[in-house]
Every structure is written in structure tokens, then in C-alpha cells.
Amino acid sequence: MQNIIRLKGIAKSYFVGHPNEFRALNGIDIDIKKGEFVSIIGESGSGKSTLMNIIGALDKPTEGQYFLDGLDVGQERDQELSRVRNKKIGFVFQTFNLIPRMNALRNVELPMTYAKLPYQKRTERAKELLRLVGMGDRMTHQPNELSGGQKQRVAIARAVANDPAIILADEPTGALDTNTGHLVMDIFHRLHEDEGKTIVLITHSNELAEETQRIIALRDGEIVSERAGSGKGGRAA
Amino acid sequence: MSIAENIRLAFASLTANKMRAALTMLGIIIGIGAVIGIMTLGDSLSGYMTSTMQDMGTNNVTLSLKQRQEDDKRTGSGGDMAQMRQQMMAQMMGAGEESPYTEKDLISAAMLSDIREKYADDVDYISVSDSVGSGSATDGKKYANLSLLGVSADYSGANGIDMKDGRFIGERDVDGSRKVAVVSEKLAAKMFGAASPLGKQVFLSTDTHSGTYTVIGVYWYKRDMMDASAMSGGSDNNLSTNVYIPLSTAGRITGNDGSQSVTIVTKAGSDSAAFAKEVESYTNDVFYARNKDYQVSAFSMDSMLDTMTQMMDTLQIAISAIAAISLLVGGIGVMNIMLVSITERTREIGTRKALGATNGEIRTQFITEAVIICLVGGIIGIIFGTVLGAFGASLLGFPASASLFAILLASGFSTAIGLFFGYYPANKAAKMDPIDALRYE
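Sequence lines, in order, name chains A and B.
Counting with this note's numbering, you get residues 1 to 237 for the letters of the first sequence.
Counting with this note's numbering, you get residues 1 to 441 for the letters of the second sequence.
Bound-form chain A, shown alone (with noise of 0.2 Å):
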């Protein structure tokens, strides 16, 4: 199976040459296959947050290669990061980050609209997309109309907009209460077993990731374990 994500000995220090500089991430090595649903886990400081803004295309590595879908993304300058991010990454935040004053749908229409689809075309998908996350009879309504789980609803629409290589996930639930919190991680196991998608879950929570196929732990910037998880295979893996 192609791996979709390749991060070889990837590195990140902050303060480079200064005498505070410090080293997020130190060599770490994942692989990740098309269809794979796979959670990092790492306590706060353990670095999970700055590798998951380098396999978000939004922060370079200092060291190491990250290979995204074939393409070479430590190499690409921020324009181009801007395309790839567009493209092949759907973004998923705890804290949801709709558009204020954008109804649901004019905010799952957003990354089609960076990515120049005509208007008719984009709005035919993003509704296809909010009926398929249950928010179908919600598409008008401002984000400030939404409860929490309705928001993360929309949002993961948003993320899979533009059919993206993977779905990364930032503590999708950390804002949502228990049970909102399964209806949302439901959403996810669907989109990994009906329509094959890879997802890259980062979360502190235990429970949440034994839900997933493959757990990677991290600690001080480098992986501690790897092991499997609970998860069932999805349709592609």
C-alpha cells in the first residue's frame, strides 16, 4: 500500500543560534498509509503540536524530508504550501474556527472558493457534504445559530471539501461534552470505513485513540511507542 505521508528524521528547533534555542521534535519517522486512521497521542510539550503543523503544511521542518502524497513539502515555498494545505490537507480544529457572519454553507464552499471551483459546482458539493454530516436542514444558519457538535459537523464538511489526501484532526472533540463528542468521532470512523479517507487524529486522550487503527505516542519531541489500536480497517486500507 502507498504510504501517503512520509516523514523521515524530521527535526524542529525554535531559537536556532540563540542561547535559548530549543528542539521540539527530534527525529521522528512516521509512515503513513492511503486509508489509515491514525492517532498521535503526547502530553502538552511532547511536540505533537508542532508535528501536527508540519504534516499540516503550515510549519517547515529544520531537519529531516516530509513527503506528502509524493510531493516534497519541506522544499515548497509558502505560496505553494498555501496550494497544498488547499488540496491535500482538511483541517479539523478542537475549537472548530467557522467564519463568523459565513452561514454552514458559505463555509464548506470556502476552500473550494480558494480553490477556484465556479460557484455553481461549489455550492452543489459543500450541500452534498452537510447533508452527509447530518446538517443538511442547518445550511443557512450563521455559526453563532450552531451548538458546538453542529459546529465541528460543519467544520469536518469543510475539511473534506476538497476531497484532501488526509484529514487532520486537532483534538476534534476537546471542546464537545461525551456524548457529542462519540457523534462527531462517528462522523470520522464513517468517512475512514465508507469512503476510505485517511485520518491523522492528534489527541491527549487515551480512549479516543484506542478508537484508531494505529497509536503513535510521543514524548520530549520523539516517539515512545507504536502500536495498534482497536479500530477497524477502513475500505481503501
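Fair warning: there could be bad hints in the mix.
To list a few chain B residues with every Cβ distance to chain A over 10 Å, as calculated [what the hints assert, rightly or not]:
1. I3
2. E5
3. M19
4. L26
5. F168
6. E185
7. F192
8. N256
9. S281
10. F287
11. G356
12. A357
13. T358
14. I380
15. G412
Per label pair, the in silico range of CB-to-CB distance [said to hold, decoys possible]:
16. A:P118 <-> B:Y424: 29 to 35 Å
17. A:T140 <-> B:I7: 16 to 22 Å
18. A:T140 <-> B:L395: 48 to 54 Å
19. A:D137 <-> B:T15: 23 to 29 Å
20. A:P19 <-> B:L23: 44 to 50 Å
21. A:Q142 <-> B:L395: 47 to 53 Å
22. A:P118 <-> B:N427: 26 to 32 Å
23. B:V340 <-> A:A11: 37 to 43 Å
24. B:Y424 <-> A:T140: 53 to 59 Å
25. A:H18 <-> B:V340: 46 to 52 Å
26. A:Q142 <-> B:L23: 23 to 29 Å
Hints were generated in silico from the structure; no laboratory data involved.
From a predicted model like this one, the values you see are computed outputs, not experimental measurements.
Quick reminder that beta carbons are idealized off the backbone N, C-alpha and C, glycines included.
We have chain A already, so just place chain B on it with the hints.
The following block gives chain B in isolation, referenced to the frame of chain A:
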């Protein structure tokens, strides 16, 4: 992201913060409104002045008596603006004021025939007038204010007098020193009502003279910017209009054998400004070289019009420049609010970047927003300024004319302000680090 998309987005974010948007726009509205208002007022005023002066005839050259000043004695007469203004003021005040000139200082008939002979190619005809003074026409309780003016037969053509009824003073009236008068339709209406005044007797009195004259003609009164009562918006009731009598008849009253001021009408096609200079130096050299107190000065309507237009333009630019300062302040307000808005929307910017917006797209989004604020403010300002300017013009009694140039300039300028003051905040937004922006609380 398309331009239409950006514009839609800009309006959405403006309507989300209506009060803030309105206050930010207010700076631009006031700035643009002030500039447009002043330009509209200025254009109305100069348009009115130009048409008035063109009515008076651009071929006219006025030759008038002028007291020598220390400067003039040394340098001779120059054509500078100060002098031009002084001449204009003298004209506006009318020649009826008491001044300590004597018979020998006046422009005589002999001088005029010499000028006519020397400049036969340029001179069409020479119109002479002599002010008797101001007074009134009375008939029982009826009265009308007037200025009594002795004129030559050429006066009507030279000064663009438009007859309503009857005829103007003719050569024979002058030759015979007849006691005939040409009155304005305003005076006629007050004194004679609806009845035709032609052939009627009218009793005219001034400080120094009174007498009965026969009305031979009625002319259309024109509000004249030289007329002080028109400028101050005086009521029709106290309006003072000119009553014309033959020059020779006036000469008998005043005892003047010459004139303080004559109008020389140049032939079509001759350069009246150049002619004015020439005739001034010629007359001064030949007739006034030994006169210690007086000399003559000549100016053409053409050059006077130029001077007036120049003065108006300078004034307009000066006031507009001051108004432009308020635009600058408005622009700084826009920049300030954009900076606030960008700080508030840091997370939104981070999210957009995570979703694939390039720096350029973020920059365009915020610049568009700034331009929209300025353009909407500018358009409101243009409407507001035009209405204000038109209102001001009508208050002063001038026909209002909107300045298209100013409107186009203002639209362009407000867009430029948006671009200029929007660029820095937008660029700041574009350069935000997406990680920091996403983490921003």
C-alpha cells in the same frame, strides 16, 4: 477568489459592524463632501462670472483714469494682479465717487479721436460714460432707486445692453443734449406699472441734480456682479438700476468735458489684451507724461476674465487643499479601523490560511474591504457635497453646476485612499504566521 467574491465579503463584514463602518466612513464622507462642495460652489461661481463677463463683451478694453502711486512713478504700470484688482475695484465702486481730479486730468474727446485714428485697425468704436450720481425717480409715493449715467451712443453695443422696448440713446440725442432717458424694466414697472413708459415723463433727482426726462427706451435689467446690491442679495424693492441719459446732457450737469473711463471695443479678431497694453502705454506717453497725479490704465475683459478665473482657481485649490487634510484624517481612520479589524479577525485569517488562502488572497480581501469603505464613503460624500454646493450656490444666487471633474477626481481619490491606507493593514494580515494566527485568543 474572484473580485466579486471579495466585494461581497467586504460588504458582509461592513454590515456586521454597521456603527463602526458608518463612523469610519464619516471621515471620508466629510472629507470628500467638503472638497466636492467647494468645487461645486467654485465652479458655479466661476461659470456665472465667466458668462456675465462674456455678456459684457470680451472685445472690450476699458481705459480709465488712475491716480499715480509711488511705485508707478518709478516703474511705470505693470500688469500684475494687484493692479488688476485695484482697477476692478475702482470699476465696481463706480465712477461717481468724489475724487480730487480736475478737468485737465480727464480723458478728453481729443485724446479719444487721436486713439481712434492711430489704432484704426483695432478700434471698432469707443463708448464713453459719465456718472452723474445715484438718486431716485419719484412720482408722488412711487419711487425707484437709480444711478444716473451719461452715455455715448456706442455704449449700448459695447456693454451688451438688451433693449426690451423703444430705443437706446442715439447720436442725435447726444448732439442735441436732449433730456431723454433709458430706464430698466424694473424701474419702469415700479413707476408706471403695466402701462408702457415710452414717451412718459419721469422725474429724476440725485444729490446734485434733478430734472424731468422723457423715457425713450426700456432695457432688460441684468443682475450684475459689479452691482453691490446683487452680491449682497438686496431685495428688489431697493434695487438700484442704471438710468441712461445722453453724455452731453450729463456733461452739462457735472461740468465734465472728459471722462474718467471709456470703453474701447476692439474689432473682432484683434488681440484685445495686447491692444490694451499698447493703448495704455501710448496714452500715458503721449498725454499723461507730464501729469504728476494721474495716468490711465487699460485692461481688456479677456485678461480680466483670465485673472478672475485664475484667482478663483487658486482660491479653490487652496480651500480644497485644506479640505483634503480632512480626507487624510479620514484615511488614517480607515487604516486604524482596518488594523483593529485585522487583530480581531486574527483567527479567521489563520483559518483561511489553513484552508488554502495564499498571502495574496488575504491581502486582496482586506484591501478590497478598505477600498469599499472609502468608495462607499466617497459616493455618499459626493452626493452630500454636490447637494451642499448647489445649496450654497443657490443661496448666493448663482446657478449651480456640479463639477464632473471633481466627482471623477473624488471617486478616484477615495479609491486611492482605500488602496493606500488599506495596504499596510492588509499586508500585515497577509504576512501573519498561520500557526500564531490560529492560536490567537
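Check: Of the hints stated earlier, which fail here?
Finding: 2, 11, 12, 13, 24 and 25
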